[in-house]
Every structure is written in C-alpha cells, then in structure tokens.
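What follows is each chain in one-letter form.
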Amino acid sequence: MSLIEDRSLTAPAPNPALAAGLDEPLTVLHPDGSRHASELLDAHLGDVDEHALTDLYVDLSILRRIDAEAFALTRQGELLLWPPSQGQEAAQIGSGRALRDTDFVFGSYREHGLAYLRGVDQGEAMRVWKGVQQSGWDPMEHHLATPQIIIGAQSLHATGYAMASRLDGSDDVAVAYFGDGATSEGDVNEAMVFASAFQAPVIFVCQNNQYAISEPVAVQSGFPLALRPTGFGIPSLRVDGNDVLAVLAATRIAVERARSGGGPTFIEAMTYRMGPHTSTDDPKRYRSEDEVAAWREKDPIVRLERHLEALGAPIDRIREEARIRCDAVAKDLRAAVTAVSVPDHRALFDHVYTTPTARLERQRAEHDAFVASVVPEEHA
Amino acid sequence: MTAVDAQVRTETLQLGKAIGAALHDALEADDKVFLMGEDIGQLGGVFRVTDGLQATFGPQRVIDSPLAESAIIGTAVGMAYRGYRPVVEIQFDGFIYPGFDQIVAQVAKLHYRTKGRVRMPMVIRVPYGGDIGSVEHHSESPESYFAHTAGLRVVTAATPQEAYSTLRAAIASDDPVLFFEPKSRYWSKGEVDRSIVRDLDAASILVPGRDVTLATYGPVVQTALEAAEAAADEGIEIEVIDLRSISPLDVDTVVASVERTGRLVVAHEAPKEASVSSELVASVAERAFASMQAAPERVTAYDTPYPPSAFEESYLPSVDRILDAVDRTLGRRHSRSTEPAAQGGAR
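Protein sequence lines, in the order shown, are assigned to chains E and Z.
Numbering-wise (this note's numbering), the first sequence opens with residue 1 and increments by one.
Numbering-wise (this note's numbering), the second sequence opens with residue 1 and increments by one.
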C-alpha cells in the first residue's frame, strides 16, 4: 500500500465539527455512579456487561495498588523515583482495553497501566525506577516501547510505526500517550503533521492531568487542547478521563477509524494527577487543597464502584475479589523489586552497538584492568 | 584484462550519481529499505541524488516528506520499530539541528536503552561541507556533534567508489549511521565497482609516505592528495590517510603510520574546537607520543560560524595551509606561536 497515492480516497471530508466534547467532555458515567446516554459513545459500549465492568474495576484497582506500592518503595529506598498515576487509572485502563495485542503502544513514563495491561512483569517494569536498566521489558515482546522521558518524542515514533503498518497492508494501529505539557512540544505537532499528511493509523491519547510538573495547563494553552488537532485536519474527542467507559468508547472509535483507513484521531482525556509529578515533587507549592478535594469527588474507581452498586452487582464480592488480586500483585511487586540486583559493572559497555567497536572494547579492557588493580582479590 | 575482470561491474560515475546508484541497489535488494526526505521524490532531491528513484520504486519506497526534520527522523524511528530500514535525507548540513534531539536522544540510544532488543538500522544522509558558494546554513560540517554521541556511527566518503561502497555498508549496518556526503565533490568523477562493500570502521591509506602522516576525510581528501603531490616535488613524502570513519575513528591505522613517520597533520573543514582533529591528535598522542618527532598540527576551519562565501577560500583548508603545517612538523618553519611582544621581533 502506498502512503500517499490514495490520499484523495482517504482524506477526511470537510467537517466543521472535527472535535466532539469541547463544551463538556464526553461522559457516560457520572461521579455519582449513574449512567447517562451518549449518542456518540453508547454505540461502542454495547458489549460492556456487568462482567466486563467488574474486570475494568479490578484493572483500575490493581493499577492504583501498583502505584501505591511503588510509591511506598521509594520511601523505603528500594526505588529511586516514581511518577505516580493515581487519578489517571480510567484514562489508561479505558484506552488500553480498546487495543489488541498486535497494536503498538508508545508511552511516556507514567503509563504504568499500559505496562500492566500489556502483560509486563512488574519486577521488570520497576527495573527502570530502581536504576538498574533503562527499559525493563522487551518492547518487541509486549508491543510497548521503552519508557520515554523526552516529552512528546514518542508521538513521532508512534506515527512512524503507524505509517509502516499501513505500508505493510496491516490494520495494526499505533498509540502515543503523552500529557498536556507535551502538546506544546514541536514533536507532537510534527507528529500531527505527518499523521495527517500520510493518514497514519495512529491514535494520540493526551492525558490532560492538568499539570506539567507545576505548570497548570493554562500555561500551555488558552483553549481546549482538543482544538489543536483540528487545525491539522485530525478529528478529536474530548472525554471525561475519569470515566473509564467514556475513554474506552472514545478509543474504540479512534481504533476503528484507524483500522479501516480513516487515519489518525486525537483523544483528550480530562483527568487529574492526584499525587505529585514524581516522588520528589511537592504539589502543595502549586495547587490548592480545595482543587485536589474537588477532583477526589470524581475518582474513577469510586465512580465505577457506585455504578456497579447501582446495577445491583454483588459489590462486596467484587470488592473482595479486587482486594485479593491487588494484594497478590503488591506482594509479587515488592518481592520482585527487592530481588533485583545491581548488574555486573561490565554490562556498562553492552549494547552500545550491535557489534562492539574496537574503541569500546579497548575502553572495556581499560576499565576491567583498572577495577582489577584497585579491588584486591579475595583470599581463601 | 582477464575474463573475470571483464565481469566486474565498473562504470564511471559522479560521486552524487554513485550515491544514487547505491540507493537504487539497496532499494532493489531489500524491500524493507525505503527513502524519506524533503524533495527527494518528484524532484529527485535538490542535488538530484535521488533522481529517478521514485519513478522506479514508487512513492511508498521513496517518500516526499513534510518539511519537518525532527519528524523525518522520529517517524523513521517508528518505522524501524516495525522492521523497516529507513534511509532519510536531511537536505543540508545546517538543517539537521531541528532533528538533533531525535538523533542523539532516540536513534543513538534505543539499542542501549533496550539492551539490544530494539535495533535502529537507520541511515541519515547529510550533504555537508562548503566550497559551493552558497548562503548560510548550506555549508557546515556538523559531524563532531554526532561523533560525540555514543551509539551512532559517523562516516563520510571522498570518491565515487567510496561513496557507493560506504552507503551500501551503512544501509546494511544494524547500527544507526550518519553518512556525511561531501557536496562540493558531488560532481567529481571516478570508477565505481558495485561489487565492493567496505568495512565501516577502517581508515584507508591512500598514499604511503615516510615523512609525515596526513589524516583527513571527506572533501579535504582531494586537497590532501594535491598537497602530497606538491610535496613530493620537493622530495617530501606525505602519507595520506582517508579516515573515512569519523566515529569510531580508526586510531590504530593512524598510530601505526605515525610510528613510521613521527609526524602528524590532521585536516578537515569543521572548526577546530572539540573536533575530529582534537580527538585524533589526543588519541594518537596517548599511544604514540614516544614516536612523535614534532608537535602535531591541525589544519581546520577557524572557530567562527561558517562565513559568507566570499571568505571561503581563507576559511577552508587549502593545499598551501596543509603544506605550511607539514613544513612546521618538519622544522622547516617556525612554530605557530603568535605572541609578538615577548619576542620583541619584527612584525
């Protein structure tokens, strides 16, 4: 398949309303747990029964527990750093559950929910935060790129992957996750230029958690971020990011569009990072308790719990099931993190190139000789 | 000529056309190879290096990209994730900086960050160097920025044969390679044998000589050869080494040469500070100091921005500046010291 020769067939028809949810983010689950009709979203939620809702609830709970456990491990000196995801569970689980295994995810450093959904062993995932490895998992095995610290850089990688998928004649899609601050970066904007020009089957999931470290989103933009992609001809959906069903439905819409040759979609998931930017940050310096409390009322897990209860689901049993699963994940996580050992110093030189250069081998030998000269050999 | 020789596919090509031939042959040999860049398709590139390739291989293999260098590199990263072998073109040396982050923070490091699980078999083609009488940002030599970054291979070529062989090797490499093309030599002609593929890491001794080692690369190779010829008229034998690989530098070859000659001159178009010559002189001094009979000399551009083209002749290494440096290593001229007052001499 050519990237450009059939542009005239795939270019979106002029649409005065490329963005949905600008006035009010699209939602179906309200904070009190009640379900409201949405013409746009409901059509993509037909299969979500009580069983599926229970699964989503367990996923959300496990992600929150992973986050809490990892954060605690930073305080105990087991992990160096942790970027918390509390509050963003629905945005991550809802979007991640709309993908299939062969789709490729390019996240930032906060998408712990995606790592969990893509089957990454939590001990592997934590190696980055323990400072022993820069990517704990095999990106090719999990179809999940290595964590990305450079803000927005992964949006280009996802777009390129999507272009390649299209060239292959495949219907695999690529998904880029980034935050509100990333929309100010050139790379995210260039990614939208390429995605639009080549009608790449890529989905941009912007988790607007309201803050780029300390800067409120108003510093990045004076208008909804979901308006930006419309300038590139990319349709966007602005959804309640704390409503797991809204995010699921919106992502399904985007995935279906991408798989069927309809090109890219931008999703702005309106959410809130309840904790600090990372375990070294102090959010009290830049936001009020009142603001945090107001968002606590919109908690994605409580919301789904209330909804299940309103449906008459056996909420006590579901809660207990989630607790058992969370305890098991937390126990495994703690054991795995504790078991991670510092690699042999010689690994410092591994994998710089596919085949080592003579120059690096010389430095490796110099390093080994130096270490041997200063560390006395143990005597029996 | 024997029958075997007759079968060798040699032809006379300009250096730019040799690069086009290498791209053609690589596209033909592997359907995972594709080209992407600004104006490379319909137009055939601003230097016509990719002329005819889109017509032959189609717009899905030779992709005219939007005008965004970071995205050209960054989307190629994503395509490499899916098993492609991108060959991207940056139109001019001075335009590479918007793509710098993707090159040094992503392309260079992904193999290391993922413990070898993600490979970036990408080639970034960069027409570079001056002496074409152009306006600013069209004549720079930014190779040192990339040589400084682990994970990248940085190579160049001086002749049509080298250009063909180097590019084929670069595309075959599973490591990311920056291929700096000496644009002032695009129109120089030479024999090209398409069966020759080179070793990406090795320098090449072009002219053996006993008196002075002259190491250089890219567009200055021709200047160095002319200098060696002129010196030979005076009975001075200059050993000319084409470094070919800027990173990793083939220090071994230069050290072995300096151990024979005792003298080293390094020449390139890039400014002097923190340059390839800085690295080479330091590395050779570390290993062959005892063999050196004179302080090493460097003939480079000056540490100014690339000047208006009216100044190019003064700015770039010339045959005379190289011979001047050779003379200093031989003790035929005074040292470079320009401290006037203390000497009190005539000025």
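Hints are supplied without guarantee of correctness; some may be wrong.
Derived coverage of chain E by chain Z (criterion: at least 3 residues anywhere in the stretch with Cβ under 8 Å from a Cβ of chain Z; other residues may be distant) [as the list claims (entries may be wrong)]: (1) 230 to 243; (2) 249 to 256.
The calculated label-pair distances, taken between Cβ atoms and stated as ranges, are [what the hints assert, rightly or not]: (3) E:223 with Z:307: 37 to 47 Å; (4) E:354 with Z:256: 49 to 59 Å; (5) E:216 with Z:32: 18 to 28 Å; (6) Z:32 with E:51: 49 to 59 Å; (7) E:168 with Z:116: 15 to 25 Å; (8) Z:116 with E:81: 43 to 53 Å.
Rather than coming from a laboratory, the hints here were simulated on the basis of the structure.
C-beta atoms are modelled at their ideal positions from N, C-alpha and C, and glycine is treated no differently.
Evaluated hints:
Three residues within the 8 Å Cβ limit are the bar, and the segment 230 to 243 of chain E against chain Z gives 0, so the coverage statement is violated. For the segment 249 to 256 of chain E, the stated coverage by chain Z is not satisfied: 0 residues place a CB nearer than 8 Å to a CB of that chain, which falls below the threshold of 3. Evaluation of the 37 to 47 Å hint for residue 223 (chain E) and residue 307 (chain Z) yields a pass: the beta carbon distance comes to about 45 Å. Distance hint check for residue 354 (chain E) and residue 256 (chain Z): the Cβ-Cβ separation is about 27 Å, which falls outside the suggested range of 49 to 59 Å.
Under the hint 18 to 28 Å, the C-beta atoms of residue 216 (chain E) and residue 32 (chain Z), about 45 Å apart, miss the expected range. The hint said 49 to 59 Å for the Cβ distance between residue 32 (chain Z) and residue 51 (chain E), and at roughly 43 Å that hint is violated. The given range of 15 to 25 Å is respected by residue 168 (chain E) and residue 116 (chain Z), whose C-beta atoms sit roughly 24 Å from each other. One distance hint, 43 to 53 Å for the beta-carbon pair residue 116 (chain Z) and residue 81 (chain E), is violated here, with the actual separation near 25 Å.
Violated hints, in rising order: 1, 2, 4, 5, 6 and 8; the structure is consistent with all others.
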